[in-house]
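Trainee: Read off the chains here:
2 protein chains.
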Amino acid sequence: MNIGIIGLGLIGGSMAIDLRRRGFADRVTGVENDKVNAEAALKIGLADVITGLEDCVACSDVIVLAIPVGSAMTMLPRILDLVAGTGKLVIDVCSVKECLCQAAKGHVARGQYVATHPMAGTEYSGPWAAMPGLFDGRACIFCDVEESSPKAVETAARLYDALNMRVSYMRSDAHDMHVAYVSHISHVTSFALALTVLDKEKDEKHIFDLASGGFSSTVRLAKSSADMWVPILSRNRENVLRVIDTYIDKMKDFRDAIDDFDEGRIRSLIEESNKIKRIIR
Amino acid sequence: MNIGIIGLGLIGGSMAIDLRRRGFADRVTGVENDKVNAEAALKIGLADVITGLEDCVACSDVIVLAIPVGSAMTMLPRILDLVAGTGKLVIDVCSVKECLCQAAKGHVARGQYVATHPMAGTEYSGPWAAMPGLFDGRACIFCDVEESSPKAVETAARLYDALNMRVSYMRSDAHDMHVAYVSHISHVTSFALALTVLDKEKDEKHIFDLASGGFSSTVRLAKSSADMWVPILSRNRENVLRVIDTYIDKMKDFRDAIDDFDEGRIRSLIEESNKIKRIIR
Numbered sequence: 057m058n059i060g061i062i063g064l065g066l067i068g069g070s071m072a073i074d075l076r077r078r079g080f081a082d083r084v085t086g087v088e089n090d091k092v093n094a095e096a097a098l099k100i101g102l103a104d105v106i107t108g109l110e111d112c113v114a115c116s117d118v119i120v121l122a123i124p125v126g127s128a129m130t131m132l133p134r135i136l137d138l139v140a141g142t143g144k145l146v147i148d149v150c151s152v153k154e155c156l157c158q159a160a161k162g163h164v165a166r167g168q169y170v171a172t173h174p175m176a177g178t179e180y181s182g183p184w185a186a187m188p189g190l191f192d193g194r195a196c197i198f199c200d201v202e203e204s205s206p207k208a209v210e211t212a213a214r215l216y217d218a219l220n221m222r223v224s225y226m227r228s229d230a231h232d233m234h235v236a237y238v239s240h241i242s243h244v245t246s247f248a249l250a251l252t253v254l255d256k257e258k259d260e261k262h263i264f265d266l267a268s269g270g271f272s273s274t275v276r277l278a279k280s281s282a283d284m285w286v287p288i289l290s291r292n293r294e295n296v297l298r299v300i301d302t303y304i305d306k307m308k309d310f311r312d313a314i315d316d317f318d319e320g321r322i323r324s325l326i327e328e329s330n331k332i333k334r335i336i337r
Numbered sequence: 057m058n059i060g061i062i063g064l065g066l067i068g069g070s071m072a073i074d075l076r077r078r079g080f081a082d083r084v085t086g087v088e089n090d091k092v093n094a095e096a097a098l099k100i101g102l103a104d105v106i107t108g109l110e111d112c113v114a115c116s117d118v119i120v121l122a123i124p125v126g127s128a129m130t131m132l133p134r135i136l137d138l139v140a141g142t143g144k145l146v147i148d149v150c151s152v153k154e155c156l157c158q159a160a161k162g163h164v165a166r167g168q169y170v171a172t173h174p175m176a177g178t179e180y181s182g183p184w185a186a187m188p189g190l191f192d193g194r195a196c197i198f199c200d201v202e203e204s205s206p207k208a209v210e211t212a213a214r215l216y217d218a219l220n221m222r223v224s225y226m227r228s229d230a231h232d233m234h235v236a237y238v239s240h241i242s243h244v245t246s247f248a249l250a251l252t253v254l255d256k257e258k259d260e261k262h263i264f265d266l267a268s269g270g271f272s273s274t275v276r277l278a279k280s281s282a283d284m285w286v287p288i289l290s291r292n293r294e295n296v297l298r299v300i301d302t303y304i305d306k307m308k309d310f311r312d313a314i315d316d317f318d319e320g321r322i323r324s325l326i327e328e329s330n331k332i333k334r335i336i337r
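Protein chains in written order, with our numbering: chain F, 57 to 337; chain H, 57 to 337.
Treat the hints with care, as some may be off.
Because identical chains cannot be distinguished in the list, a pair is counted as satisfied if it fits within a single copy or across any two copies.
Within a straight-line C-alpha distance of at most 30 Å, the following computed DSSO-like cross-link-like pairs (lysine-lysine) qualify [unchecked claim]:
1. K91 to K256
2. K91 to K331
3. K308 to K91
4. K261 to K331
5. K161 to K207
6. K333 to K308
7. K99 to K308
8. K91 to K279
9. K279 to K331
10. K91 to K261
11. K91 to K333
12. K261 to K99
In case anyone wonders, no lab produced these hints; they're calculated from the structure.
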């Protein structure tokens, strides 16, 4: 199959690598507006060719939209205009889904679009961050599939099968709420942790010397790209605000227990949080 | 040398493994009050023998206090009573140092004690969590060394050299402030994250399906043991409260920027936090 990938960063680039080496993609056509990224993507070999949007859509059977969610909302209707009446499939891979399903709603080519969210990534971005095996064994959420044609869903499922992902199905509004709790908040807590440490530890040598493995893993996501995360936090606003409020309440519970010298209360908070062991190995 | 290790958990047990295999310890005598842990430690081979405190001190050249900081504060003066007038060295490995230096202050055997903090660990605990190489390449902080005898400091430095740690020196009050920022707060943010997700995601399957690598690494420390962390947060109270307050302010900055749809402000917060890249690879 000919695959068009719009945005050859971490996600788009990693898809290109595995779809090709597993025989799903015969040819990859990329669209990449950033000149440096485009040249790097070609040099790394993520795409056979980089073209403009229309040429990419024209020569592809499957078009993957792998750009930040704000730009994806603008571009999705344009792509649906281009594929209308053909047998082409369009998928996006964004981390917020309701706004994209809204952007496609009622479009004559809505059936050709499948809203997908492969739950994989690293804190790095750009074509140089692309890697084989990124998606192996992870979950991929398909949203609002009743609005997609069965053929489109089936092709999207085959694509993710080639990436070794297990597909599950969810309403886009439910998806956005759940990912706010399980993914988006982790990024906000890491950003805030980095800001706290950078604010207070003017002497970076202290951070470097004292940073244990625990700090590094907790703050890791603070390296994540603003281009990707500004639109996610902004487009998933209501859900993210609700989680931040709950999270601040939990921090205050700790604060109060420590302030009150209440070791019994600190213990019960920690032991309650330890239950995450049941879920995360 | 004969090494006595009081507390054969993650830290004490890992020290036993590496001090022995690198030839620093000829014999390891353990003290372990928990019966299951004691039997496991013997079976795993962390210690040659498990004894009571007095026998352990009597037959050891170096005594390592590797128990939670609250109990360590009680036990340190007793151990100093036992070693007074001998050439024995006593070190502790706790994550809070000022209260221990206070507990030893003015003791006739104060010079035989070195307050140390090897900055290494995992979120697991108990003798089964002990592992070789845990300390390799990490920092170890020695506090208030002017109160220790040069011979004691020199022996402690040789011990940590055998563990491949780089030693640096700090006042105990400065240490406690810095570790609050770079280590203790990471644990509180992870505990709070776990509580938030467990509170809101009643259906654990959703957490399991949606948890990306990012969430797992951010929440990892929430598996840490209450026995260890209750006394740390409680004994480092003032510093921890100050960091929590700063941290909550940073979370509120994010909250307000998202609430105001202020994408410019969200971007500048994220880009500022990205500076942690300079320090944490």
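Trainee: All hints, please: hold or fail.
Mentor: Consistency of the hints with the structure:
1. K91 to K256: The answer is neither: 38 Å in one copy and 43 Å across copies each exceed 30 Å.
2. K91 to K331: between (47 Å within a copy, 24 Å between copies)
3. K308 to K91: neither (46 Å within a copy, 37 Å between copies)
4. K261 to K331: Result: close only across copies, 14 Å inter versus 35 Å intra.
5. K161 to K207: within (18 Å within a copy, 77 Å between copies)
6. K333 to K308: For K333 and K308, both the intra-copy (23 Å) and inter-copy (28 Å) Cα distances are at most 30 Å.
7. K99 to K308: So K99 and K308 fail the 30 Å test inside a copy (50 Å) and across (43 Å) alike.
8. K91 to K279: Answer is within; shortest intra-copy Cα gap is 23 Å, inter-copy 44 Å.
9. K279 to K331: For K279 and K331, the Cα distance is within 30 Å both inside one copy (28 Å) and across copies (8 Å).
10. K91 to K261: Answer is neither; intra-copy 36 Å and inter-copy 42 Å both fail.
11. K91 to K333: between (44 Å within a copy, 24 Å between copies)
12. K261 to K99: neither (37 Å within a copy, 41 Å between copies)
Violated hints for the displayed structure, listed by number in ascending order: 1, 3, 7, 10, 12.
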